[in-house]
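Enquirer: Turn these sequences into a full structure, and let the hints steer you where they fit.
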Amino acid sequence: MAEQRPRIPYFKDFLPTSVCIGLSLFFAMVFQFNGGVFLPAATQMSSALGCIQEDVTMAGYASFIGMTIIFPILFRLKARFTTRSIFMMVCPVLIACNLITMHTKNIFLMICVCFVSGFFRMWGTFECFSNTRLSITPSGNFSVFYPVIYIIVLESIQLSGLVTMHINDWANWQYMHWFVIGMLMIVWVCVMCLTRSVRLMKKMPLYGIDWKGLSLWTTMLFAIVFICIYGDYYDWLDSAQIRACIVIAVVSLLLNINRMTSIRHPYIDPQVFKYKKFPVILFLFLMLCLFLATSSVLQNAFMVSILRYDTLNAISLNWCVFVGILAGAGVVFFRQAVLKKGYKLLISVGFTLIVVYQYYMYFLIYPDLNIESLYLPNFLKGIGHGILYIALTIYVAKHIPFKHFFQSLCVLSFIRTSIATPLGTAILNRWMKHLQLDNWALLSRNMDNLTEWMPNNASLMQLYNEVNTQTMLTSLKELFGWVCIIGTVFLVIVLSYRVWRNRHLAALKMLHSLPAKKRYKPSSIHRISQQNQNL
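Using this note's numbering, the letters of the sequence shown map in sequence onto residues 14 to 548.
Incorrect hints may have been included.
[Claimed, not checked] Straight-line C-alpha distance at most 25 Å; calculated DSS-like pairs for lysine-lysine:
1. LYS490 to LYS287
2. LYS353 to LYS411
3. LYS215 to LYS416
4. LYS215 to LYS289
[Said to hold, decoys possible] Have a look at the derived ranges for each label pair, beta carbon to beta carbon:
5. TRP183 to ILE506: 19 to 29 Å
6. PRO151 to GLY195: 51 to 61 Å
7. PRO29 to HIS278: 33 to 43 Å
8. LYS353 to LYS416: 43 to 53 Å
9. PHE376 to ALA92: 31 to 41 Å
Just so you know, the hints here were simulated from the structure itself, not pulled from any lab data. No residue lacks a Cβ here, since even glycine has one placed at the ideal position from N, Cα and C.
Expert: Here is the structure:
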């Protein structure tokens, strides 16, 4: 007999449960669409505001930092306020943030507003998902719940980019903010008309929160992201700004470590890092984000600089990633919720697809490529992205107790949302710049001998453009090749560990299946050697 889905309590009684679930997921998608600034339109926005593109990018990542840093106090906020009051607060704050972002030219103010926007964006999203969990899966099965969450979260990123570029092509970047404001007002009206104030747990005051720890972790994240985004602009360690940010990041980290080990309730408990496999999960998320950075840096450079596609054609590949993420979520759901199998095969398949994407792009670097050739690699990348994000998060949810669960999500978000993507982008941009300089020097040495493949009346500008194109093609192919090599080595390590682990477990199982008297007993010589090793 199927389990009956419990109602979502903050909705009024006349609404059926299915409508309540749909409205909650719609609210979450609207909150996810609100990004402070919209990075796909960063070039147009920086031109309109008269600032550099790094300023707009920094404001975008300030929103991600706000989303990251709120995790440890989300449950405390839920216990302090009712769902209706949270929504009635979050919607007007996000509307105000969008209005300020549209009209201010003060970059510092924009960054602060985007940080607040990310903070409230995650608060509203968490409130939607936390109330729908038992309605989606009455048994509270994370293998069912997290695929639904990440379909909303990851697909909202793809749809947000598509909507932003289409609105920007039709009008300008400000209309995307008006679109989001309109959606937030619809959510606000729905909350006023269709919800009621219900408190499901005892009211808990916001005492005992390590606000200083929150400030220090935020400072550290801002310093690291500033280094990654502005490093090339300020010429890295040759600038006082980058050196100062390195000092700030290190000092903030040391102070955080001191607070973690010296106060009773730190913002992030050191026990989080001691759970089995948690450091490995952090490393896997770091590698995933570094590999995904190739699509935002190298693929975009290839499409814009070589293939000369406009922004609408370039962003249209988001549909392939969109479908791929859906397929990846389906794979995780089928293996974990239906077959009830483990994680290791999912992780291996996910990283294999990400590395296959790198190889696919390596062999597609060609100046006359049609856009249809890019559909399959982006679809495969979307599958790997969806599988890894969902599977790794389910593993954390099932193996870390509730006491430290939100703190562990905060630490994971340090990597997957705040640090890893700008770090990967900075590494690839720096590497690409170095390769371009070397290849330009090599290719331009024989510019006088170009009559074999250039017309006799070619101008100097034509020669320059051709050499520049060939330099870009060579550098992209070389950099994709290096990423393929790194990805292959990493994949071999992952697969080798999985094979070794399976053989080790099989040997242990076979040993325990033997009768007690036939089990291996160490000889006296072996015991003596063991004693010597212990000494």
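Enquirer: Hint by hint, say whether it matches the structure.
Expert: Status of each hint after checking the structure:
1. LYS490 to LYS287: 41 Å, violated
2. LYS353 to LYS411: With Cα atoms ~13 Å apart, LYS353 and LYS411 stay inside 25 Å; holds.
3. LYS215 to LYS416: 18 Å, holds
4. LYS215 to LYS289: Since the Cα atoms of LYS215 and LYS289 sit roughly 33 Å apart, the hinted pair is violated (cutoff 25 Å).
5. TRP183 to ILE506: 19 to 29 Å: 47 Å, violated
6. PRO151 to GLY195: 51 to 61 Å: Given a distance of about 35 Å, which is not inside 51 to 61 Å, the answer is violated.
7. PRO29 to HIS278: 33 to 43 Å: 42 Å, holds
8. LYS353 to LYS416: 43 to 53 Å: 26 Å, violated
9. PHE376 to ALA92: 31 to 41 Å: 54 Å, violated
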